[in-house]
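Chains as they are written, first to last, in the numbering used here: chain A, 357 to 703; chain B, 357 to 703; chain C, 357 to 703.
The set of hints was computed from the structure by calculation and includes no laboratory data. Check before you lean on any hint, since a few could be wrong.
The list cannot tell twin chains apart, which means a pair is met if one copy fits it or any two copies do.
Mimicking BS3-like on lysine-lysine, the simulated pairs with C-alpha atoms at most 27 Å apart in a straight line are [unchecked claim]: (1) Lys548 - Lys400; (2) Lys400 - Lys614; (3) Lys617 - Lys548; (4) Lys617 - Lys501; (5) Lys501 - Lys614.
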Amino acid sequence: MPHTLGELAALLQGELQGPAELIIEGIAPIDQATPAEITFITQKRFARLADRSRAAAFIVSREFAGLPRPLIIVDHPYLAYARVATLFAPPLQRWPGISDQACLGRDVSLGREVSIAPLVFIGARAQLGDRVTVMPGCVLGDEVKIGADTLLYPQVTILERCTVGARCIIHSGTVIGSDGFGFVPGAAGHVKIPQLGIVIIGDDVEIGANCAIDRGALGATRVGRGVKIDNLVHLAHNVEVGEHSFLVAQVGVSGSTKLGKGVTLAGQVGLVGHIELGDGVQVGAQSGVNHSVAAGQTVSGSPARPHREWLLSMGHLPKLPDIYQRLKQLEKQVSELAARLPQEPET
Amino acid sequence: MPHTLGELAALLQGELQGPAELIIEGIAPIDQATPAEITFITQKRFARLADRSRAAAFIVSREFAGLPRPLIIVDHPYLAYARVATLFAPPLQRWPGISDQACLGRDVSLGREVSIAPLVFIGARAQLGDRVTVMPGCVLGDEVKIGADTLLYPQVTILERCTVGARCIIHSGTVIGSDGFGFVPGAAGHVKIPQLGIVIIGDDVEIGANCAIDRGALGATRVGRGVKIDNLVHLAHNVEVGEHSFLVAQVGVSGSTKLGKGVTLAGQVGLVGHIELGDGVQVGAQSGVNHSVAAGQTVSGSPARPHREWLLSMGHLPKLPDIYQRLKQLEKQVSELAARLPQEPET
Amino acid sequence: MPHTLGELAALLQGELQGPAELIIEGIAPIDQATPAEITFITQKRFARLADRSRAAAFIVSREFAGLPRPLIIVDHPYLAYARVATLFAPPLQRWPGISDQACLGRDVSLGREVSIAPLVFIGARAQLGDRVTVMPGCVLGDEVKIGADTLLYPQVTILERCTVGARCIIHSGTVIGSDGFGFVPGAAGHVKIPQLGIVIIGDDVEIGANCAIDRGALGATRVGRGVKIDNLVHLAHNVEVGEHSFLVAQVGVSGSTKLGKGVTLAGQVGLVGHIELGDGVQVGAQSGVNHSVAAGQTVSGSPARPHREWLLSMGHLPKLPDIYQRLKQLEKQVSELAARLPQEPET
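Can you make the complete structure from the sequences, with help from the hints?
Following this line, the structure appears as structure tokens:
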């Protein structure tokens, strides 16, 4: 579905430099765009590729207003890219209505325009809001609640009594509401602690593929509004993730740990249980956090420390063999110096 | 299904202090319990919350026998909590009998009171023991054997010829019996080594969500009786996990490595292949173990070392920049001292 | 299906020492082989087990030609093992034809001898080459293309428009084509960048269980010919993996990072985004690579450094507490020495 450059400029509330009637059929990176596509410059280092780009037009910041090509000048080219990409995204292919090859339990409540694909199982008394999309192979347990406009990709599992907010996107293979890992160690083996709680996912949350989010032991595991979670992330029982936090792939958060708002955990980070990370905390990739961290701090390393201190230590680590040699050399020198001094008088 | 406080005290073989006829409708954490619920104190730091708790009664150790509230006094409050939680756990919702929307292969053998939900596939000659529960979306290959009372949550995959013991719980998305990662490197690429073995899971094992347990190249990958495995754990081909071991989330164990009994691997630990960890070994979170570890040892770090040594090194790491500065300062001082000494006589 | 030792020797183009008519019914490790099975010696340390092995015959290199047992002498015993194991592998159990309990969308194109099991969903206009096998529980989106002879184990998800080459093996639970993790940070939360690209998997690729491979934001995420990927691996959007690379379990590769040909990433490695690893780069287990690495290099550690330097630093890390003590001791000594020297004259 093509758009004119003028339409795009209007959508972006940007300044148009060039022919408003130019037909744009898609968006692509600067080095791959065809003459029918628009592209964008988000970083200076990409600007040098503009001369050779075949793109029909460019979305740029004012800094590049002098580029002698059709332009849409905006304050935030990256955000503008997201908006134009949304415009050109192929429409979501939803199963029309409720497939008769899906299995729905008793007293399931469905909003308007719900899409339930074949090979879906939905348990008794589940509630799906308006325009919810459930793709093939999903399994929803009894009394699960899904908010309006939420999209479940194929093979998502949401277990009994868990709730997912509105406008969420859950990617394939993700499991919500598996039992927490709770056992009482005992002489005859580990005794299971029944996991009686649930998971509560807020509105506008996106969760990647093959994640596992455990239900609370008692009470709830909570993922706040607007949180974005990448692939293969593990959240243990009774974890709480504050609004708009950002968890990159393969992160693991242990039981009862609480993240504030806007926390960022980079890839492969691990957090021990029963700690709190304040609002806006940032944790560097592969770090292991074993203590609470105050709001606004950035930490790195395993065990994690203030990021700058960690950087300094890591910067010195390569010097360690040299430090050791120089220390031994110094010991020898000092010992020789001492020998050359007259005996210290008795005190 | 409510119980009286007296019934609970009897179940726990605990000492009742308070009204035996008090009705208890559930169990909850000390700060969340309603006046209809019982709670428990497992750690001193929670005891200070007792005054403000609305709980109807408390499960406590003798240490807290003076608390002026209805009490059940027991030796192990944490274990008592697990038992009471089991009592109040909602009954497992099982599909009644064998769904006619499940696909069963030829000569499948089913014990008594087996539950097979819709959208389940079971291969030829599979054998399911009494009271096995297979939830929607599970796939069992040919000749899989499942022991009595085992519970497979939705979307579990168990591939051909693998066996799972009795009273196991396997959580959603977990794959048992995928091919091991075995290739012969060659000039024209990696040549696949067919993975002819199986996986053997013992009795009373629990495995979390989205784990992957590979079949043996030849022979078996083995998970011993009573082992508990958290989410997103990887066990490679021919790994052996000894009885009652405890593997926390996102652990990875490479091929042919053997764990003794009662081994604990904390979160995100990685083990190289072809090593042995003795009985009772404990490995700290995010550690990387590249050598065998004798029974009873605790190791940490990547590469892993004895835990106390590792702690000591990590404790000194922040000092490294300072050590380097002080070393340089010393070198300067020593050089100045040497200059102030008379020339060393020729030897 | 048994074979004679002579047949095996011919298959392997090896030298036969022993009775050509000896019946061999399988292959097994040296300490487990029965008198009806052949075994193999790939490493010297296993040779000492030969005396006590009950195996009918041995596949060995010339080095062990003196072993007084029926032998097949070959240049590469490990490769020979792979070939003999292939011979004895049980035939793949494929659903005969297209199950009428599978759901196929409009205009699906199927090659000859395709196998589609029950409980499979295939979207509109998907194309499956000759002899493709789709096991139970798989979901393929619209316009997915699968090359000839490719095998999808149960519960694989391949989302719309992604393509998989010929002779690939994809293990259970793996997701191909989930959205990349792309958001524009903003005051009102993260704005999703639609992920418009696809995933392109080359020929002869094997991908383990429960992996997640995201589609490109724009353009493609690419996995080259002959690449082998272990379980629980994460590849972010627009990653490119060069031919015959080898990614061990639980690896994570961030967005737009490019791996050359023949790259090896050991277990639990993490790579930041937008870097390049040249041909043949090797990365040690649990390393974190935050910069591009030139072809042929081996790196280790987090942050990753040249492997030998990292080894040297790690070797010195245990000495750090001692280094600190000795430094303090030296400072004391030097200070005492300085005190024993006459005052330095004013300059």
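Here is how each hint holds up against the structure:
no.	hint	in the structure
1	Lys548 - Lys400	between (56 Å within a copy, 23 Å between copies)
2	Lys400 - Lys614	between (38 Å within a copy, 21 Å between copies)
3	Lys617 - Lys548	between (33 Å within a copy, 18 Å between copies)
4	Lys617 - Lys501	within (24 Å within a copy, 42 Å between copies)
5	Lys501 - Lys614	within (24 Å within a copy, 41 Å between copies)
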